[in-house]
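Colleague: What follows is each chain in one-letter form.
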Amino acid sequence: MAKSDVKVLGAWPSPFVMRARIALKIKSVEYEYLEENLGSKSELLLKSNPVHKKIPVLIHNDKPVCESLIIVEYVDEAWSSSGPSIIPSDPYDRAVARFWAAYVDEKLFPALKSIGSGDGAEAKKAAIEQLIEGLVLLEDAFVKCSKGKPFFGGSQIGFLDIAFGCYLGWVRVTEKMNEVKLLDEVKTPGLFKWAERFCADAAVKDVMPETDKLAEFAKVLAKLRASGKWN
Amino acid sequence: MADEVILLDFWASMFGIRVRIALAEKGIKYEYKEQDLFNKSPLLLQMNPVHKKIPVLIHNGKSVCESSIIVQYIDEVWKDKAPLLPYDPYQRAQARFWADFIDKKMYDTSRKTWATKGEEQEAAKKEFIEVLKTLGGELGDKPFFGGDNFGYVDLCLIPYYCWFYSYETFGKFSVEAECPKFIAWVTRCLQRETVAKALPDEKKVFEFVSVLREKIRVE
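Protein chains in written order, with the UniProt record's numbering: chain H, 1 to 231; chain A, 1 to 219.
Any given hint could turn out to be false.
Here are the simulated DSS-like pairs of lysine-lysine, each with C-alpha atoms no more than 25 Å apart in a straight line [stated by the list, open to error]: (1) A/105 x H/107; (2) A/133 x H/144; (3) A/203 x H/107; (4) A/53 x H/47; (5) A/104 x H/54; (6) A/53 x H/107.
Hints are computed from structural coordinates only; laboratory data are not their basis. Note that the coordinates shown come from a computational prediction; the quantities given were computed from them, not determined experimentally.
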């Protein structure tokens, strides 16, 4: 299949875009990556995702797929004969993976964002506590899902590894910029080691942004937000 | 060995109704356990410790939470009858996209049509109608979101219909006047026995919403 049959519209700092790219790498799918300038969205983006106007968008033979977790499941199904399975094969394990993926998006990521949002010391402390509580829950989920193996998905990275792991860059940036330890060796030993393995994985390392570069971007974003120029 | 299927649910929950329709479509026998959301049972807290919410499906002792995850689980386990999601990966992605759109947009917007007043309520009404129009655009001239057959997206959306009377009464607007095609789709869905039986009476929902409004002191 020609490279141009598959396109990804993305932005390098986005954890959601990473999910799509990791899935495509696992399936050895060649694609054209188009970096979006989020200050000024491309015609292609607006045409491909008119409802949300957001990245990532996967365009496969001119047909767009939107929403990062939906893209991951699509990649898994469309290229099912190529490479390992991403989503667990057992329906119950699938439901568990989808549950925790929804949890990280609905609860963890907002808490992570609000740590650095500058809403005051009280709000920051509450957000940190909420995030750590969430990580403790995920530690338990990790033990149950991995069953002694290196990843949530078992011996290879799977759906929940991708869903949660894509946030690690931002977790590290938040730790650095706010001088706080979030992923703790003592409180969440399983996740702590899993994080290292995830970031080193062949499907991940080329698309995980460097922490320093991400931290610089975070500073620029914070300034834009403060000046009201970014939603 | 027969499957043991239990549903922890609340009669008026549009999320719970989704699961009831899915179970009915598949012809699955289950035990329905009504939950008191103001005084949560130990079983609910044990089966959904993270969110403490309904619906929860308990299948042979193992709990599945979150309505859209439960419906997909049901579709995958009881896969030989009445498929809810399409077979084609691209169509599946589209179905999941619109179910996700419904989850992101319907609940909060619709809630504000009865739980707020003044400018906030007016803004919510406008946004709610916009959401319905966007969904109407996706439906187009198809009989169902799934095409010729009732499917996943239809199932995710139709439970909201029993709350429409409450939205319209408290919000003072008419969905039929604003989105007539949408109501045509509703009528087609209600012709299905599984849907008609799963939706509670809209006047009962209205009484319940009236009580809720008093609890949160809207007026």
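Colleague: Indicate, hint by hint, whether the structure satisfies it.
Modeller: Results of checking the hints against the structure:
1. A/105 x H/107: The given pair, whose Cα atoms are some 17 Å apart, holds under the 25 Å limit.
2. A/133 x H/144: Roughly 43 Å separates the two Cα atoms, so the pair is violated.
3. A/203 x H/107: Measuring from Cα to Cα gives roughly 35 Å; hence the hint is violated.
4. A/53 x H/47: violated (37 Å)
5. A/104 x H/54: Distance of about 14 Å is within 25 Å: holds.
6. A/53 x H/107: holds (15 Å)
Violated hints for the displayed structure, listed by number in ascending order: 2, 3 and 4.
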